[in-house]
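**Q** Residue numbers (my numbering), protein chains in the order written: chain G, 1 to 341; chain Z, 1 to 173.
It should be emphasised that the hints constitute simulated quantities derived from the structure, not laboratory data. Among the hints, erroneous ones may be present.
Claimed, not checked - If you anchor each label on the Cβ, the simulated ranges turn out as follows:
{"#": "1", "chain 1": "G", "residue 1": "Ala111", "chain 2": "Z", "residue 2": "Glu111", "range": "36 to 42 Å"}
{"#": "2", "chain 1": "G", "residue 1": "Ala111", "chain 2": "Z", "residue 2": "Ala106", "range": "43 to 49 Å"}
{"#": "3", "chain 1": "Z", "residue 1": "His162", "chain 2": "G", "residue 2": "Leu306", "range": "47 to 53 Å"}
{"#": "4", "chain 1": "Z", "residue 1": "Arg25", "chain 2": "G", "residue 2": "Pro68", "range": "37 to 43 Å"}
{"#": "5", "chain 1": "Z", "residue 1": "Leu22", "chain 2": "G", "residue 2": "Met80", "range": "46 to 52 Å"}
{"#": "6", "chain 1": "G", "residue 1": "Ala111", "chain 2": "Z", "residue 2": "Leu22", "range": "32 to 38 Å"}
{"#": "7", "chain 1": "G", "residue 1": "Ala338", "chain 2": "Z", "residue 2": "Pro141", "range": "22 to 28 Å"}
{"#": "8", "chain 1": "Z", "residue 1": "Ser102", "chain 2": "G", "residue 2": "Val8", "range": "45 to 51 Å"}
{"#": "9", "chain 1": "G", "residue 1": "Thr66", "chain 2": "Z", "residue 2": "Ala18", "range": "36 to 42 Å"}
{"#": "10", "chain 1": "G", "residue 1": "Ala338", "chain 2": "Z", "residue 2": "Glu129", "range": "18 to 24 Å"}
{"#": "11", "chain 1": "G", "residue 1": "Thr19", "chain 2": "Z", "residue 2": "Asp137", "range": "45 to 51 Å"}
{"#": "12", "chain 1": "G", "residue 1": "Phe61", "chain 2": "Z", "residue 2": "Ala18", "range": "50 to 56 Å"}
{"#": "13", "chain 1": "Z", "residue 1": "Val72", "chain 2": "G", "residue 2": "Gln280", "range": "52 to 58 Å"}
To be verified - Sample of chain G residues lacking proximity to chain Z, with all beta carbon distances greater than 12 Å (derived):
{"#": "14", "residue": "Met1"}
{"#": "15", "residue": "Phe47"}
{"#": "16", "residue": "Ala57"}
{"#": "17", "residue": "Leu60"}
{"#": "18", "residue": "Phe61"}
{"#": "19", "residue": "Tyr71"}
{"#": "20", "residue": "Ile99"}
{"#": "21", "residue": "Leu117"}
{"#": "22", "residue": "Ile119"}
{"#": "23", "residue": "Phe175"}
{"#": "24", "residue": "Gly190"}
{"#": "25", "residue": "Ser239"}
{"#": "26", "residue": "Gly271"}
{"#": "27", "residue": "Trp301"}
{"#": "28", "residue": "Leu306"}
For every residue, glycine included, the Cβ atom is placed at its ideal position computed from N, Cα and C.
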Amino acid sequence: MYALISLVKIVIALVLLLTAVAYSVWLERKVVGHIQNRWGPTRVGPFGLLQPLADGAKFLFKEDLTPPYVYKPLYIAAPMISVIFALTSIAVIPIGNSITVGGIRTPLQIADVNIGLLIVLGITSMGVYGIALAGWSSNSKYSLLGSLRASAQMVSYEIALGLSLIGVLIMSGSFSLREIVDAQGGTFWGFIPRWNIFQGQFVAFFIYLMAAFAETNRIPFDLPEAETELVAGYHTEYSAMKFAMFFMAEYANMITVACLASLLFLGGWHGPLFGPAWLQELLPIAWFALRIFGFLFLYIWIRGTLPRFRYDQLMSFGWKFLFPLAIANLVITALIVALKA
Amino acid sequence: MLHLSIFLFFGAICAAGAVNLLVQRHPINSALSLIAVMVSLAVEYLLLGAEFVAAVQVIIYAGAIMVLFVFVIMLLNAGVEERIEGSRVAMILGIPGMLVGSALVAWVLLERSGTSSVAVGSLPGYPKEIAGLLFHDFLLPFEVTSVLVLIAIMGAVVLASHPDSETQQKKES
Numbered sequence: 001m002y003a004l005i006s007l008v009k010i011v012i013a014l015v016l017l018l019t020a021v022a023y024s025v026w027l028e029r030k031v032v033g034h035i036q037n038r039w040g041p042t043r044v045g046p047f048g049l050l051q052p053l054a055d056g057a058k059f060l061f062k063e064d065l066t067p068p069y070v071y072k073p074l075y076i077a078a079p080m081i082s083v084i085f086a087l088t089s090i091a092v093i094p095i096g097n098s099i100t101v102g103g104i105r106t107p108l109q110i111a112d113v114n115i116g117l118l119i120v121l122g123i124t125s126m127g128v129y130g131i132a133l134a135g136w137s138s139n140s141k142y143s144l145l146g147s148l149r150a151s152a153q154m155v156s157y158e159i160a161l162g163l164s165l166i167g168v169l170i171m172s173g174s175f176s177l178r179e180i181v182d183a184q185g186g187t188f189w190g191f192i193p194r195w196n197i198f199q200g201q202f203v204a205f206f207i208y209l210m211a212a213f214a215e216t217n218r219i220p221f222d223l224p225e226a227e228t229e230l231v232a233g234y235h236t237e238y239s240a241m242k243f244a245m246f247f248m249a250e251y252a253n254m255i256t257v258a259c260l261a262s263l264l265f266l267g268g269w270h271g272p273l274f275g276p277a278w279l280q281e282l283l284p285i286a287w288f289a290l291r292i293f294g295f296l297f298l299y300i301w302i303r304g305t306l307p308r309f310r311y312d313q314l315m316s317f318g319w320k321f322l323f324p325l326a327i328a329n330l331v332i333t334a335l336i337v338a339l340k341a
Numbered sequence: 001m002l003h004l005s006i007f008l009f010f011g012a013i014c015a016a017g018a019v020n021l022l023v024q025r026h027p028i029n030s031a032l033s034l035i036a037v038m039v040s041l042a043v044e045y046l047l048l049g050a051e052f053v054a055a056v057q058v059i060i061y062a063g064a065i066m067v068l069f070v071f072v073i074m075l076l077n078a079g080v081e082e083r084i085e086g087s088r089v090a091m092i093l094g095i096p097g098m099l100v101g102s103a104l105v106a107w108v109l110l111e112r113s114g115t116s117s118v119a120v121g122s123l124p125g126y127p128k129e130i131a132g133l134l135f136h137d138f139l140l141p142f143e144v145t146s147v148l149v150l151i152a153i154m155g156a157v158v159l160a161s162h163p164d165s166e167t168q169q170k171k172e173s
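Same shape as in the complex, but just chain Z (with noise of 0.2 Å):
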């Protein structure tokens, strides 16, 4: 029971850290209620009882990921944003779309799908598990996910470096 209402606390957390990232107008203000709704998503993982996978949470998005983007807010010393004129129909097509899309995926799981509801700590938890499972079970999607990212850091090096001023920077040198 206390674990139940521990889980919903945190829930409750994240759903409201989530809302104040879209209201709030200032962006550090946005980065750290994003902050807050991974850390509570790290707990309701360790409610589950996946502890590892919640440490994880913590390390990279919270402690790595989150941190680049503060860095970069304030690098780029960003200003209270403006507010422009949204258009109409976006609110009012968008707020009650979203809610009805997100009730037709509570609905579609809760109902239709062969998942049922994970007790409260019973989710694999132990590295070794995960290790098993990572390095065994589903090796190969591993591998793939791992050259994606290599991709991904290669691609992001030669965007950032510019060719002509290096050029420049030699002929100067």
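Looking at chain G on its own, in the form it has when it is part of the complex (with noise of 0.2 Å):
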């Protein structure tokens, strides 16, 4: 029973999180399309609804092209290994509280760790492999520069991204995602959230979002790519659904990404509950999933209005800015846990 339980949510959960990459990738060229001024993607379906869907059979059905010197077993290797580890991340992310269906009383949830965000963590640094060895493997000058670009680059902001959520942390006072979130529940005088932000985590929150867009190569840090000095960075020489992994690993980045901001900093699934039974039970998802839009939206928000840095700033920035404000964060969080308790 327990092993078909887990199966199911496996299913259910990796369904969503595949639509959801296809439907961000349409809201990206909608957004976009208008922020410019455009319609963005009209022919297939009303308002192009049904654009990832014949995006996914022109990829199906485009020449898989493997360019000659390239060396073969890691070539073929590098695509699934990045979409695998954006895949793997959303097993310990819960996406709601628990839910009663059918008398089963389930978390939302396909495992529910003590360490949960260090098993996020560990996922998603793995991920720099798939997008190193596709560089290098390809045996192409501009491959090689955007896959360097890329390691050197998600190395260095991990750094601040790891130091942001330290704060978080110490506040909450558990690595489990559940129990943070359990944590941020109710308000402060009846009307401001109890989420972490504020609760002085406003920096690390700001740390946060500059360090994510870096980790998932996102502009304005999106040097890997570069499609103006690098063709198309670390992907340049795939086609095809080759190509396209490296796409919805992006994509299923993005989402993780922005589950762990809301779980960790904007209060998780919390929300005002209303109406009946079934819908205070499915108002948390509800919640939660229009976090995750608000974020996403953000993303595209700011691609379709910031250029791109160049790449000492970009350095620099991580190094001698992000880094030392997110030492500070941690010293002054500890500092008033330290009094406080």
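Dock chain one against chain two, each of which comes alone in its own frame, and use the hints as you go.
**A** Next up, the structure:
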């Protein structure tokens, strides 16, 4: 019975994640289109809503070209590594409180482990191998430059990212994502929600936001792709479904990062509950989805607004600004928590 | 039983990765086998119940240190290594010596010292227990190690910065 429930949850989580990936691509094209005073996809289905399906079919039927002189085992393995690690991290992320279906009460999470946050960080830190190996095995100077940039950037910003999370960990005293969210329930003076971002972790949220943009290689930190100088960066030599795998990995990582941001800083699934019992069961999921949508919209908004960093600016921003700021935030948070205790 | 068979399976992967690391001729394949060794070690820790150590093993070793290894191999564009004629004495004496040495270590650990085998899932796994050990019972060794690491970092910075090239740059600018 337990195994069956887990299996059902795994299938549901994967379907949800892949659908979210497909439709965040649609959302991105649509929103960026409107920012640039165009329509975005309109042809396939109402509002272009079937565009992701058409894209998927196109990727499947395109010629899968393997350039000569690539190092084949790694060239084939790299997109798989990317997409596997991007999809695995959803296993420990809760998308809501527990739910009762047919008399069985089950948490909305594939595995509730007491070090959930560390597992997400570990899995996402392995994702860099996909990008690094893709660039190296392609045997092309653009790809190699792209993947060198990606590895340097991801290792650098991982430090700021990790340090920004420690403040939240000190305040909640747990690595379990569920316990971190539970600690953020309730309100101050009846109207300000007790989210970590309102408990003095605003600076940490800012650092997390910046580092998360860099970790997922999004504009303004998309130096590894930088189409104006590196053609397409680390995936220059990839086509068809192999390219689509990198694409899926990038968007799945965006969604993971958005989930973490809402769980750690924005109160997870907490929100006003009202209406009949079935609605009260489902509302937390809706609140959580709303936060993720907002975060993705922010991603796209920034993509449509900001230009790309120069490489030295990127490195000095990470090491000379975000890193000291994260340490200062950590020290101050630790001091306040120690004085209160 | 299932736990034990998974444990043995990943132990085998770990050993195979270590052998593959030595046998492979291309540095990037060796680095990848080392990653496989580290990840399977992390799985072993996880199966023994040391969840925190397992996660840290993946984050630090597989996710950070090995990324730098791979990064350097890519940066130097290291190619296939030439196989030089190794000394025959090393082959004849080395492999049996290594086998005898590891058998000796295993025998001492199993028979002679007070260590007993650890049941699957019984190591201290919760972060709170680890924190108690690190910051209470073993505080002094922990702090001494931190100072040692700090000295190593500063040494690396000193070695990496060439004072000559810096003064040259200042003259040019």
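**Q** Now tell me if each hint is right for this structure.
**A** Against the structure, the hints come out as follows:
1. G/Ala111 with Z/Glu111: 36 to 42 Å: Holds, since G/Ala111 and Z/Glu111 (Cβ atoms, about 39 Å apart) stay within the stated range.
2. G/Ala111 with Z/Ala106: 43 to 49 Å: violated (34 Å)
3. Z/His162 with G/Leu306: 47 to 53 Å: Roughly 36 Å apart at Cβ, these two residues miss the hinted range, so it is violated.
4. Z/Arg25 with G/Pro68: 37 to 43 Å: For Z/Arg25 and G/Pro68 the Cβ distance comes to about 22 Å; the hint is violated.
5. Z/Leu22 with G/Met80: 46 to 52 Å: violated (26 Å)
6. G/Ala111 with Z/Leu22: 32 to 38 Å: holds (36 Å)
7. G/Ala338 with Z/Pro141: 22 to 28 Å: Holds, at about 23 Å.
8. Z/Ser102 with G/Val8: 45 to 51 Å: holds (46 Å)
9. G/Thr66 with Z/Ala18: 36 to 42 Å: Violated - the Cβ-Cβ distance for G/Thr66 and Z/Ala18, about 31 Å, lies outside 36 to 42 Å.
10. G/Ala338 with Z/Glu129: 18 to 24 Å: Distance hint for G/Ala338, Z/Glu129 holds at roughly 21 Å.
11. G/Thr19 with Z/Asp137: 45 to 51 Å: holds (49 Å)
12. G/Phe61 with Z/Ala18: 50 to 56 Å: Between G/Phe61 and Z/Ala18, where Cβ atoms are some 43 Å apart, the hint is violated.
13. Z/Val72 with G/Gln280: 52 to 58 Å: At 55 Å between Cβs, range holds.
14. Met1: holds (17 Å)
15. Phe47: The claim holds: G/Phe47 sits with its nearest Cβ about 40 Å from chain Z, beyond 12 Å.
16. Ala57: The claim stands: G/Ala57 keeps its Cβ more than 12 Å from every Cβ of chain Z (closest is about 34 Å).
17. Leu60: holds (29 Å)
18. Phe61: Its Cβ never comes within 12 Å of chain Z, the nearest being 32 Å, so this holds.
19. Tyr71: violated (8 Å)
20. Ile99: Non-interface label on G/Ile99 holds, nearest chain Z Cβ at 26 Å vs cutoff 12 Å.
21. Leu117: For G/Leu117, whose nearest Cβ neighbour in chain Z is about 9 Å away, the distance does not exceed 12 Å, so it is violated.
22. Ile119: violated (6 Å)
23. Phe175: violated (6 Å)
24. Gly190: For G/Gly190, whose nearest Cβ neighbour in chain Z is about 33 Å away, the distance exceeds 12 Å, so it holds.
25. Ser239: Holds, because the least Cβ-Cβ distance between G/Ser239 and chain Z comes to about 22 Å, which exceeds 12 Å.
26. Gly271: holds (29 Å)
27. Trp301: holds (30 Å)
28. Leu306: The claim stands: G/Leu306 keeps its Cβ more than 12 Å from every Cβ of chain Z (closest is about 27 Å).
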